Amino acid sequence: MTTRRLPFLLNRSSSSFAGAAAGVIALALIGTACSPVEPAGSEGGGSNSQQAGGQDVFGDPADPAQVKPGGTLTVALSADPDKLDPTLSRSLYSRYVFHTMCEKLYDLGPDAKVVPQLATALPTISADGLSLTIPLKQGVRFADGGTLDSTAVKVSIERGLTLAGSGRKSELGPISAVETPDPNTVVIKLSKPFAPLTAALADRAGMVLSPAAVSRLGANFSTAPVCVGPFKFASRVAQNSIKVVKDPLYYDAAKVHLDAIEYRIITDSSIRSANLKSGDAQVADSLSTQDAPSLQQDGTMTVLQSQSLGYQGLTVNIANANGIGNPLKPLDTPIAKDPRIRQALALSVDREALVKSIFNGLNTVACSPVSPKSEFTSDAAQVCPPHDPAKAKQLLADAGASTPYKVTMITSNNPDSLRLAQALQAMVKEGGFDLVIKPVEYASLLDQQDRGDFELLQLGWSGRVDPDANIYNFVGTSGSQNVAGYSNPEVDELLTDARQSTDKADRVKLYGDVVAKLQQDLPLIYLYRQRNLTGVSKKVLGIQVYPDGVLRAAFAGFAK
Amino acid sequence: MRRYLLGRLWQSIVTLILATIVVFVGVRALPGDPALALAGEDRDPESLRAIREQYGLDDSLLVQFWQFVSHAARGDLGQSIRTGESVTTMIANALPVTIELSVLAILVASVLGVGAGVVAAVRRGRPAEWAANALALLGLSVPNFWLGLMAILYLSVALGLFPASGFVPFFTDPVGNLHHLILPALILGTGLAAVIMRQTRSSMLDALSADYIRTAEAKGLSPRAVIGRHALRNSLIVVVTIVGLQLGALISGAVVTERIFALPGFGKLTVDAVFQRDYPVIQAVVLVTAAAYILINLLVDLLYSVIDPRIRVRGDA
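Listed in order, the protein sequences are those of chains Y and Z.
Here the UniProt record's numbering is used: position 147 in the first sequence is 147, and no number is missing along the way.
Here the UniProt record's numbering is used: position 282 in the second sequence is 282, and no number is missing along the way.
Read the hints as simulated data drawn from the structure, not as lab findings.
Keep in mind it's a predicted model, so treat the numbers as computed, not measured.
A few of these clues could be false.
[Stated by the list, open to error] As a list, the in silico SDA-like pairs of lysine to any residue whose alpha-carbon atoms are at most 20 Å apart:
id	chain 1	residue 1	chain 2	residue 2
1	Y	Lys-243	Z	Asn-177
2	Y	Lys-189	Y	Asp-503
3	Y	Lys-189	Y	Ala-121
4	Y	Lys-169	Z	Glu-46
5	Y	Lys-169	Z	Asp-44
6	Y	Lys-539	Z	Gly-160
7	Y	Lys-538	Z	Gly-160
8	Y	Lys-169	Z	Ala-50
9	Y	Lys-169	Y	Ala-121
10	Y	Lys-243	Z	Ala-50
11	Y	Lys-243	Z	Pro-169
12	Y	Lys-169	Z	Leu-30
13	Y	Lys-438	Z	Glu-46
14	Y	Lys-438	Z	Leu-30
[Stated by the list, open to error] For the chain Z half of the interface with chain Y, some residues (derived, Cβ under 8 Å), not all of them:
id	residue
15	Gly-32
16	Asp-33
17	Ala-37
18	Arg-43
19	Glu-129
20	Leu-147
21	Met-150
22	Ile-152
23	Arg-259
24	Ile-260
25	Pro-264
[Unchecked claim] For the chain Y half of the interface with chain Z, some residues (derived, Cβ under 7 Å), not all of them:
id	residue
26	Asp-82
27	Lys-83
28	Ser-91
29	Ser-235
30	Gln-239
31	Asn-240
32	Leu-249
33	Ala-443
Just so you know, even glycine gets a beta-carbon here, dropped at the ideal spot from N, CA and C.
Bound-form chain Y, shown alone:
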């Protein structure tokens, strides 16, 4: 490799450009893919350990008697968070950092239920569902010394609704006004009922930003973010590390044991594990199937596990020939036109075997977008048609498709996704399909997906607390990520009703009905749910991971 560079380096100016260009090409070719979200296996993996058999291990809060004050915790993160601005941020990993420095109106409990954080109680919702009243904690101060009040909440929510490039706008829904009757009460007015709002306020949309910092930094808030939190932002080295330090102004500072937390970006999972073992990091997220078993057997480590609220699946391009955001145009392929072929493909997949063989039984089978951990689940939402290759062949014959039916699938080019694709390829053969795998680099995969340049696509979704956020955008006709180009007015109506209903039982039933429809039409063939695996050194107590996948390190401490 090295000697080949000699000739152009020996030459003069013409070669300097060649050198620069060759350097760039070499740089572009070297290295491994960095996937910010959700290719298969990116959030966890399997294990040979019996302990791993599908049990959530969230971790326990630190017992103050057992931890010593001080110290810097090093967390090995699998991807670089994007902008540290709750309004603009879009990556899951920024939520890890926000957890320590930007508290929200609401948080999530280990049971995936919403609990108050900066609010003192769950919102009081008016009978017509058009008004939410949120009482705020008193005596809470931002890291810059400012006081948290209803005006600050109003500024943050309105910023989410109006700032150019806001990632929160669709999460906040049809908010018409934010009122501040007194400093400790916020009233959110809606133009139509929007049930998922409370859950959205338990995520980035509910983070309260310092109004002083917002007015000083504007759209550059991410360069020096200021919120309410156990820690405050200290520094960031691009693509490498983020450091937060203890905030003495935090309202519950006595519960904070660590002096600082450093998030170190290490994209390769084996190297993350090695850092954990060597003690250079005390926490590592997204462990791989290969590394988790050895860490579980290591007496000095704990592996936290939480089942994702999202899913991994196969999207069939039905009518996304024009690209997303454009009018739907059906594809002229049998699999796009005939649901029986999609049903045959779904029946050809042995999900149980897939989960066992590829993920060693650690991940769980998924046949619908509603997580069994969700409070909106039901038997109807968890119905799973059994693996039946004979029926699949019959359906193909009924549809008049010639076998083997050839279908091309694009997938992310990381090892876990490829392993999954190969297993699927072998599996669906029995059902009469010839699956052609086309691995694509992640950024290109997203591009092809949105342009509608695919027949079948393997990608997942990390999941949100409210089922609406896991369904509507993906299978609703006007869904922002309806990359299948699916359109079923009945499904749209059911989803809209579920969105606007304030009655839980009603919503549970509606989501069950949606699942039944989706299993007939199959724009998306759900395969499995991942388990978030986080390695933690036993030298550290109090690290927790909940079903939202967010690593909770703020109240951890080093063991005495």
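Got chain Y sorted already, so can you dock chain Z onto it with the hints?
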């Protein structure tokens, strides 16, 4: 001389402009959309539109190019699409890390390579030469990423001798800085050590059969003096040239090493920017790299012309 100098400067500027254009167009020819890469999961048409508008991605290529060039000319390389940070700051932070890593790697490679090369030449046809040759072959064949992983597993995890990741700036903690960099430098230096070893060996063999060595031996100098003061010194001229030429390759090799050891260097910055389609960062790092190459070549050319007047004369003609 002045005319030659002006001519070379002009050539350099043209090369830099051409490099800028090719990179600008090349980055945009890559499949993948920065707005999509940034939006990730949370994308909807409105946000994508806003991102494109904010970063001027929906402007015509000419407008985008003019924006880039006019800002770059004022020293403003823009903001990272992904993190919103100033690209100039990102580069200013990353460059010293890679330079320090490369210098250390050259030091490591020179010590190992020259030592092994001398042994191989002096002990020609004996086990020591075979061992040195075998090591050189290994150094050339074993990929850095594998070697890096093994080093972390055995030297960091098992023995705890070196940190497996992280970086401390030299001026904050010089000892900590070296402690963090020694393992990456060793890994990065192995390939170069092999090249140096082979070069030293062949130059030494040439030198050892030269007449002046026979004369030195005939004068009664000790073997150590003959090898060290005469043969090695003459052989090193070629070796030093090779080391200089390998610097570029070394910086490219630093990409892998930086990723393995989570070092906040230039290579890691570039690769991550490519994967995230962070256009301003990719453009800026390439521009800086191209400018560095052009500057080095310009200096080398000027040195040549000082050393060899024929080049200057030809340039004047």
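Each hint tested on the structure:
Proposed proximity of Lys-243 (chain Y) and Asn-177 (chain Z) is supported: the alpha carbons are some 18 Å apart, at most 20 Å. A hinted pair counts as satisfied when its Cα atoms are at most 20 Å apart, and Lys-189 (chain Y) with Asp-503 (chain Y) qualifies at roughly 19 Å. Among the hinted pairs, Lys-189 (chain Y) with Ala-121 (chain Y) is consistent with the structure: their alpha-carbon atoms are about 18 Å apart, no more than 20 Å. Between the alpha carbons of Lys-169 (chain Y) and Glu-46 (chain Z) the distance comes to roughly 9 Å, so the proposed pair stays at or under 20 Å and holds.
At roughly 10 Å between alpha-carbon atoms, Lys-169 (chain Y) and Asp-44 (chain Z) fall within 20 Å of each other, so this suggested pair holds. Proposed proximity of Lys-539 (chain Y) and Gly-160 (chain Z) is supported: the alpha carbons are some 17 Å apart, at most 20 Å. A hinted pair counts as satisfied when its Cα atoms are at most 20 Å apart, and Lys-538 (chain Y) with Gly-160 (chain Z) qualifies at roughly 18 Å. Among the hinted pairs, Lys-169 (chain Y) with Ala-50 (chain Z) is consistent with the structure: their alpha-carbon atoms are about 12 Å apart, no more than 20 Å.
Taking the CA atoms of Lys-169 (chain Y) and Ala-121 (chain Y), the gap is about 24 Å. The hint is violated against a cut of 20 Å. Using a Cα cut-off of 20 Å, the hinted pair Lys-243 (chain Y) and Ala-50 (chain Z) is violated, with the two alpha carbons roughly 29 Å apart. The straight-line distance between the Cα atoms of Lys-243 (chain Y) and Pro-169 (chain Z) is roughly 15 Å, inside the 20 Å bound, and the hint therefore holds. Pair hint Lys-169 (chain Y) plus Leu-30 (chain Z) does not hold up; C-alpha atoms about 30 Å apart against a cutoff of 20 Å.
Distance hint between Lys-438 (chain Y) and Glu-46 (chain Z) is unfulfilled; the C-alpha atoms sit about 30 Å from each other, more than 20 Å. Only pairs whose Cα atoms come within 20 Å are accepted, and Lys-438 (chain Y) paired with Leu-30 (chain Z) is accepted, the gap being roughly 18 Å. With a cut of 8 Å, the hint placing Gly-32 (chain Z) at the interface with chain Y holds, because the nearest CB-to-CB distance is about 3 Å. For Asp-33 (chain Z), the interface hint holds, since its Cβ comes within 8 Å of a Cβ in chain Y; the closest pair sits about 5 Å apart.
At about 5 Å, the closest approach between the beta carbon of Ala-37 (chain Z) and any beta carbon in chain Y falls short of 8 Å, and the interface hint on this residue holds. Checking Arg-43 (chain Z) against chain Y by beta carbon gives a least distance of about 7 Å; that is within 8 Å, so the hint holds. Given hint, Glu-129 (chain Z) at the interface with chain Y, is violated; its Cβ is 21 Å from that chain's nearest Cβ, farther than 8 Å. The beta carbon of Leu-147 (chain Z) comes no nearer than 13 Å to any beta carbon in chain Y, farther than 8 Å, and the hint placing it at the interface is violated.
For the restraint placing Met-150 (chain Z) at the interface with chain Y, the shortest Cβ-Cβ distance is roughly 10 Å, beyond the 8 Å limit, so the hint is violated. The beta carbon of Ile-152 (chain Z) is positioned within 8 Å of a beta carbon in chain Y (closest approach about 5 Å), and the interface hint is therefore held. Annotation: interface hint on Arg-259 (chain Z) holds; nearest CB of chain Y at approximately 6 Å, less than 8 Å. Using the Cβ-Cβ criterion of 8 Å, the hint placing Ile-260 (chain Z) at the interface with chain Y is satisfied: the shortest such distance is roughly 6 Å.
Against a cut-off of 8 Å between C-beta atoms, the interface hint on Pro-264 (chain Z) holds, since the closest Cβ of chain Y lies about 4 Å away. Below 7 Å, beta-carbon pairs count as interface contacts, and Asp-82 (chain Y) has one with chain Z at about 5 Å; its hint therefore holds. Because the beta carbon of Lys-83 (chain Y) sits about 5 Å from the nearest beta carbon in chain Z, less than 7 Å, this interface hint is met. With a least beta-carbon distance of about 6 Å to chain Z, the hint placing Ser-91 (chain Y) at the interface is held under the 7 Å criterion.
For Ser-235 (chain Y), the interface hint is violated, the least distance from its beta-carbon to any beta-carbon of chain Z being 10 Å, above 7 Å. Because the closest C-beta pair between Gln-239 (chain Y) and chain Z is about 5 Å apart, less than 7 Å, the hint holds. The beta carbon of Asn-240 (chain Y) is positioned within 7 Å of a beta carbon in chain Z (closest approach about 4 Å), and the interface hint is therefore held. Interface restraint check for Leu-249 (chain Y): the shortest CB-CB distance to chain Z comes to about 25 Å, outside 7 Å, so the restraint is violated.
At a threshold of 7 Å, the smallest CB-CB gap from Ala-443 (chain Y) to chain Z is about 3 Å, leaving the interface hint in force.
The earlier numbered hints that this structure contradicts are 9, 10, 12, 13, 19, 20, 21, 29 and 32.
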